[in-house]
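Generate the whole structure from the sequences, applying the supplied hints.
In order, the protein sequence lines correspond to chains V and R.
Everything in the first sequence is counted per our numbering, starting at 18 for the first residue and increasing by one.
Everything in the second sequence is counted per our numbering, starting at 2 for the first residue and increasing by one.
Mixed in with the good hints there might be a few duds.
Said to hold, decoys possible - Using C-beta positions, here's what the derived DEER-type ranges look like:
(1) V:P39 - R:D179: 50 to 56 Å
(2) V:E33 - R:G94: 48 to 54 Å
(3) R:V323 - V:S46: 49 to 55 Å
(4) R:L85 - V:V27: 29 to 35 Å
(5) V:I35 - R:K95: 33 to 39 Å
(6) R:G183 - V:I35: 38 to 44 Å
(7) R:D125 - V:I35: 56 to 62 Å
Unchecked claim - Each computed EDC-like pair below joins lysine to aspartate or glutamate, with the alpha-carbon atoms no more than 20 Å apart:
(8) R:K318 - R:D204
(9) R:K54 - V:D70
(10) R:K64 - V:D70
(11) R:K51 - V:D52
(12) R:K198 - R:E97
(13) V:K62 - R:D58
(14) R:K293 - V:E45
(15) R:K289 - V:D52
(16) R:K198 - R:E333
(17) R:K198 - R:D338
Hints were generated in silico from the structure; no laboratory data involved.
Glycine included, each C-beta is placed from N, C-alpha and C at the ideal position.
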Amino acid sequence: MSPTVTLKIVPNVSEEQILKIPEGATYESLLNILDINEETVLVLKDGEAVPLDGTVVSSNLEILYIASGG
Amino acid sequence: MDDRIILIYILWNFYIVDVFEGTLVRTRCDKSYIGSCLLIYQGRLSMSIKCMKCNRDAIIYQKYSGMHLCRKHFIEDVERKVKLTIRQNFRIGKNETLVVALSGGKDSSVVLHILHKIFHQRRDLEIIAISIDEGICGYREHNIEHAKALAQELGVRHIIRSFRDEYGTTMDELAAKDRVYGTCSYCGVLRKSLLNKIAMELDGTKLVTGHNLDDEAQTILMNHLGGDVERMIRLAPPRALEGLVLRAKPLRNIPEKEVALYALLNNMLVEFERCPYSHEALRGEVRKMLNKFEVGHPGTKYSLIRGFDKMVGVLAKDYPQVTLSKCRVCGEACTGDLCQACNLLGRG
Chain V
18 MSPTVTLKIV PNVSEEQILK IPEGATYESL LNILDINEET VLVLKDGEAV
68 PLDGTVVSSN LEILYIASGG
Chain R
2 MDDRIILIYI LWNFYIVDVF EGTLVRTRCD KSYIGSCLLI YQGRLSMSIK
52 CMKCNRDAII YQKYSGMHLC RKHFIEDVER KVKLTIRQNF RIGKNETLVV
102 ALSGGKDSSV VLHILHKIFH QRRDLEIIAI SIDEGICGYR EHNIEHAKAL
152 AQELGVRHII RSFRDEYGTT MDELAAKDRV YGTCSYCGVL RKSLLNKIAM
202 ELDGTKLVTG HNLDDEAQTI LMNHLGGDVE RMIRLAPPRA LEGLVLRAKP
252 LRNIPEKEVA LYALLNNMLV EFERCPYSHE ALRGEVRKML NKFEVGHPGT
302 KYSLIRGFDK MVGVLAKDYP QVTLSKCRVC GEACTGDLCQ ACNLLGRG
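Below, the structure is given as structure tokens:
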């Protein structure tokens, strides 16, 4: 069964959205689909950091942009 | 609820609950069904990726090193690299005063946290944090509050100075004026000058900044793109110069992403607000290009700074270190008779 995630992109990028992810997809491939460079974000699954080559499971996901300053 | 507790509950009651999808369906079933469910369950449990150094769940995959690391070993890895960088580039002797430029963002917070962790038992060392309020409304105030809280928590002396008090203007005012250069040029030059001035006043022996691997790799690439060899040499691990406090960048071997993760794990994660003027910087374009390269060719950022560190010794022979004089207006160390800060402010 393909996992369902509640996804939020912060800061100030998107409201919470519910996404159905293809079974076996990794966090890295999810970022690719969303056209987000993996060097610029942290991915938190239920508040905990995850390795990007891990498989996406049903959870609350937060994609956190890290760049600060300028 | 912990998965294992749910598993025990299942065995006890001969019920199977769909714990994986978070639904509440509970079905009474026979032993053979439970057996097959357990196999699936064990398979799913083993799906979490483990740390290469222990059996805990990994929180990061470092593509450039091929390592999966758990929280504990990731923190150890970062701190090990910082200690190595200090030992190789910015050796800290006895009775030093380390002046840390603390903006309150993730990088400077992490560098202060780690320096304090490494050196807080050294009674002969003093760590002082300094924050500069550039006067960027809606951006800097939050970071300064965070800087104050962190310094207080660590018991580190903290000094706050502002562009307004020092230069009689703010970045918001400078940004609104007709100007020759981008806002980041004004901000960078004025901040560096003020940081050095305060560090000199405090008899600082090192001026520590939170520049990370991404910052360094971007700067090297920008200097290459601009053909600016002299500026590139100034980036090299520092040498002592009269009038300038020695710069130290303990995070220069830590990728920005790992600095952010370290901050998150140590509850120092601040809101990653972007400076309202940062869109003017060429750095943004270089950052984008480098990040794309890093994904396609992991280790590119490290390669850039390693290659640079090797080249710089050779280059320095053709580009000897300039002698510094004092600015005729403010007295700060500079290469001409007027420093860049005074030049930008139209003084003299």
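Original post:
Regarding the pair K318 of chain R and D204 of chain R, is the alpha-carbon distance no greater than 20 Å?
Top reply: violated (31 Å)
Original post:
If you check the beta carbons of E33 of chain V and G94 of chain R, does the distance land in 48 to 54 Å?
Top reply: holds (52 Å)
Original post:
At the C-beta level, are G183 of chain R and I35 of chain V separated by a distance inside 38 to 44 Å?
Top reply: holds (41 Å)
Subject >> Given pair status - D338 of chain R, K198 of chain R, alpha carbons within 20 Å >> reply: OK: K198 of chain R and D338 of chain R at ~17 Å, within 20 Å.
**OP:** Could you grab the alpha-carbon distance between K198 of chain R and E97 of chain R and see if it respects the 20 Å cut-off?
**Re:** Answer holds: K198 of chain R to E97 of chain R is near 17 Å, not above 20 Å.
Original post:
Between P39 of chain V and D179 of chain R, does the C-beta distance stay in 50 to 56 Å?
Top reply: holds (54 Å)
**OP:** Could you see if the CB distance from I35 of chain V to K95 of chain R stays within 33 to 39 Å?
**Re:** violated (59 Å)
**OP:** Look at the Cβ atoms of V323 of chain R and S46 of chain V and judge whether their distance stays inside 49 to 55 Å.
**Re:** holds (51 Å)
Original post:
Are K62 of chain V and D58 of chain R close enough, with their CA atoms no more than 20 Å apart?
Top reply: holds (13 Å)
Original post:
Is 29 to 35 Å a correct range for the gap between the Cβ atoms of L85 of chain R and V27 of chain V?
Top reply: holds (33 Å)
**OP:** Mind checking the alpha carbons of K54 of chain R and D70 of chain V for me, to see if they're no more than 20 Å apart?
**Re:** holds (18 Å)
Original post:
Are the Cα positions of K198 of chain R and E333 of chain R separated by 20 Å at most?
Top reply: Satisfied, since the Cα-Cα distance of roughly 7 Å is no more than 20 Å.
Hints 5, 8, 11 from the list above are not met by this structure, while the remaining hints are.
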